[in-house]
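J.: Assemble the whole structure, with the sequences as input and the hints as a guide.
Protein chains in written order, with our numbering: chain A, 1 to 325; chain B, 1001 to 1413; chain C, 2001 to 2294.
Keep in mind that a hint or two might mislead.
[Stated by the list, open to error] Calculated cross-link-like contacts (lysine to aspartate or glutamate; reagent style EDC-like; alpha-carbon spacing at most 16 Å):
no., chain 1, residue 1, chain 2, residue 2
1, B, Lys1067, C, Asp2234
2, B, Lys1253, A, Asp163
3, B, Lys1067, C, Asp2236
4, B, Lys1243, A, Glu187
5, B, Lys1403, A, Asp97
6, B, Lys1382, B, Asp1402
7, B, Lys1172, B, Glu1234
8, B, Lys1394, A, Asp276
9, B, Lys1283, B, Asp1153
Hints in this document: simulated from the structure, not taken from any laboratory. Small disclaimer: the values here were computed from a predicted structure and weren't measured.
Each chain, letter by letter, is given below.
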Amino acid sequence: MPPLTKAAADPAAPVTKTGPDGPPGDGRRPRRPLGRHNLYGWLFSTPFLVLFAVFMAFPIVATLLMSFTDFGARHVTRPLEAEFVGLENYTKLFEDDRFLTALFNTAYFVVVGVPLTILLGLLVAILLNNGIDRARTFFRVGFYAPVVTAIVAVAVVWRFVLDPSDGLIAGLAAELGMTAPDFLGSETWAMPSLIAMAVWRNLGTVMVLFIAGLQAVPADVREAARLDGAGAWQEMRRITVPLLRPTMLYATVITTIGYLNVFEEPFVMTQGGPSDATLTVSLDMYREGFNFFHMGYASAMAYVLFVVIMGITVLQLRLLKDNTR
Amino acid sequence: MHRATPAAIALTVASALTLTACGGSGGADVDADAEQTLTVWAMGTEGEKLAEVADVYKKSHPNITVKVTPVGWDVAHQKLVAAAAAGKLPDVMQMGGTYLGEFADMGVLEPVDTQTVKKGDFFPAAWEQASYDGETYGVPWYVDTRVLFYRTDLARKAGAARPPATMDELLKAAQAHQDKAKTKWGLSIQPGGLDTVQSFYPFLYSAGGEIIDEDGKAAVNSPEAVKALETYGEFFAKGVSEKAVRPGYDVTKDFNTGDVPMFFGGPWIMSLLDENYPDIKGKWAVAPVPADKESVSMAGGSSLAVSADSEHKAAAKEFVSFLTDAKGQSDWYERTRDLPANQQAWETGTLATDPKLKVWREQMETARTTPSQPRLTEITSKVDSAIESVTQGKSSAKAALDKAQAEIEGLVE
Amino acid sequence: MSAPTTTARPVPAQDRPGGRGRVRTPLLYTVASLGLLVMSAPFLWMALSAFKTRRDLTASPPVWIPSEWTLSNFTALLDQLDMPRYFLNSLIVAVLVTLCNLLFCSMLGYALAKLQFTGRSKVFGVVLAALMVPGNLLILPLYVLMTELGLIDTYAGLVLPFAAGAFGVFLMRQFMQSIPDELLEAARIDGAGEWYIFWRIVLPLVKPALATLTIFTFLGSWNNFVWPLIATNDPDKYTLPVALATFANDPNRTVGGGNGMLMAGSLLVVLPVLLVFVVLQRHFTQGIATAGLK
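T.: So, in structure tokens, the structure goes:
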């Protein structure tokens, strides 16, 4: 068909561009949105927006309102009896030692966990993309396996690894003449252990993202650079990594959001202990909301978390945004 | 972002929630003889075994189909709450002791007719667990309590002629196990984490303490309670019990290997040991909780409650009676090994003759429970923290309990 | 396009005779293999445990290879739970959710990346906001809503809340940003309609992204536990994770080194996702062919 072949025959400029958003080239493109763009823009947005409005907006608003009340267990059947308490839940939060500890723990988790996960995920992706040719599928599946394994199974094995008496690490340490600390029982070691576990669990996801991103980087560009004399390292730094920016952004944002919400690891392994050393905001929220049924309080916690996530995400978007527009 | 005005939102939310709150009520109650389906929610193994009983029930009551939905314990609370919010609770539900106060307070449970269901038939603690604020909302179904499990072979090595009868003897015996029988630990009790309080109850009650007294006031820092916590803490301080907190710890494994010669456990542990560790068959026994002032253990278990919004109340009550009379209770025991709440069921069969079961029965007769409270989970979690701070050596028993008392006072109703 | 592409394709470094591949490659393989071992150990444990007898499961110290292989865990599992039904439920829901996401997320992702329309940044803001709201707390109001709509115990109730995920939209937007505008302009100038452009030009170009989205969405839906748990009361409508949970934490069943039935169940739950992954990860490679289209 005429349009298709013509478009296909004209790929010269596009494939060698250097920015993911593609420069308009000669500025011919009109600045103000076209009518057609407008129509289709909105048309394409409709399914998502409708689903969002019905299934997300309502619950979001409901919980937001709840956060300004003292909604508790007895209000489940008598919701209108819940009293408005204004910002009281929010102020109580910041006087709550437990919550503040949870905030600190979550921050610790994110600050250490996210860079580790992204870095290792990227390295593995590059390794599996460039360095390893044989049995690629095998390796990829292996590295992705932690992501799909049920948390229960993961917990059982990691407990075995970290057990201070019969565990894997304890055994290795004994061989070397040292004693391993009680990882999950120690206030200093519990968090690093959980971080290691989270990194291990999530690096497969990051790896998959980067592999997809790397594949989308045209091979010709890389080869061209190589032939022009760039070493593998340089080629990586100057060409590949910058082209991976959108992927990097996505990976970092979702990993950060995921880690800010960290719940499963502390819930299954330590229940937030020892002595709240691994209590995260999500876990605290779960406890307050589902165990004690302080729904109003827990909702307030959720919105504080939301604000934090929003702040960090916006920051990341600004920093990692591609400016070659 | 576009958002509707706050007033409009508030109106929508309020109306939606109100609509659902009114959802289940109304509708005439169906006669017990009419053709109907009863929905029943039960947790864990009970859920599965109950389906078998439902089939049996159908034979004698052909007009009633009982549909049993098994619900996992760790998700039961969420599901019940969600169902309550939407006005969709089942006709009959299993209510764990700790849940009842909360749901009764929500107003979703139908009070029990105390004319037809007699309090005296059941263990006192079980009846108490099924009551809230002066009314009874559930019929006790099965009970459990905690007694001392111990390795008879290791006890002989440690030089103990009989199981420890007092708390002092318990400590000494535990130490003797470590010294003479070379066991890794003397006694396994929970040092911290979720539900530590369950492990502490035998000590607390035996010393004459309690969390909430008969007048409904917080009493967790009474001198008796402080003494009990001091005793508890000693086991850790002296290295007899393991200090490290281990969520998901399975004590039976260490019991099998001999690392742990004594621990407190519930009735299901017996079947567990029989099934999983045939190697130690005949090498273990149960004994009553060592006495402080007296030997008192905690009572747990579940009742059967009928939903206040049920349209099949008559049939539901009949089914509940079927399960909780002496015959139904003995039958249930045969199926599940759950200890009957109905004392009469203990008069016949293995329940009357088995020596191991005698220990359980005696313990159940004096067992105590915390009065039903809507905020029980929160209250006990404060006590958990207090206990943990003592076992980890961070606080004295008195200081920890004074702190807990202050925290709990506002929560008790 | 610069000169090199008109001549024969250059040979990658590793395949050049006497290239730097010689020393590096074995090292890379060793590192990768070690990494692989560490990464897949728990998975292997789970898989092996599914075939262990109770003896092996409760052995201390823990036993890796079963001393006696048994299928009893699987038979017990199939006896107690109506696995085929739960499997079917999970499959239907996961497939529907994935298909919806593939369509809706790429549509919106494309619009956000390539179509200039008024309010675009606001819509993107809504997407990001959806991304950032902590999910667990929304369960209760959502449940009430679904009850009102009569969607409890229905496939619609399980699918709709997840039919267009913010994560998916964000992902597609990022990938689609790399599509050259000229390509689209050229097509428009030639008279192609927007839907045609989207369907025939854009989508083929983002195959790696679509493959990635499929894997993530399928995985997410397959393993989704909390919502299906609350949204279904009728056991016939349970999905796999929910069915497993009904006995997972039963104190009468969980034993020391791992409940055999639970391991068997977890293994069965995992296999479909891995299958999807194995099949799709090849499409990452196909990306080369399409992205470097001459």
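J.: All the hints need checking, so say for each whether the structure fits it.
T.: Tested hints:
no.	hint	in the structure
1	B/Lys1067 to C/Asp2234	holds, 10 Å
2	B/Lys1253 to A/Asp163	holds, 14 Å
3	B/Lys1067 to C/Asp2236	holds, 12 Å
4	B/Lys1243 to A/Glu187	holds, 13 Å
5	B/Lys1403 to A/Asp97	holds, 14 Å
6	B/Lys1382 to B/Asp1402	holds, 11 Å
7	B/Lys1172 to B/Glu1234	holds, 11 Å
8	B/Lys1394 to A/Asp276	holds, 14 Å
9	B/Lys1283 to B/Asp1153	holds, 6 Å
Of the hints listed earlier, there is not a single one the structure fails to meet.
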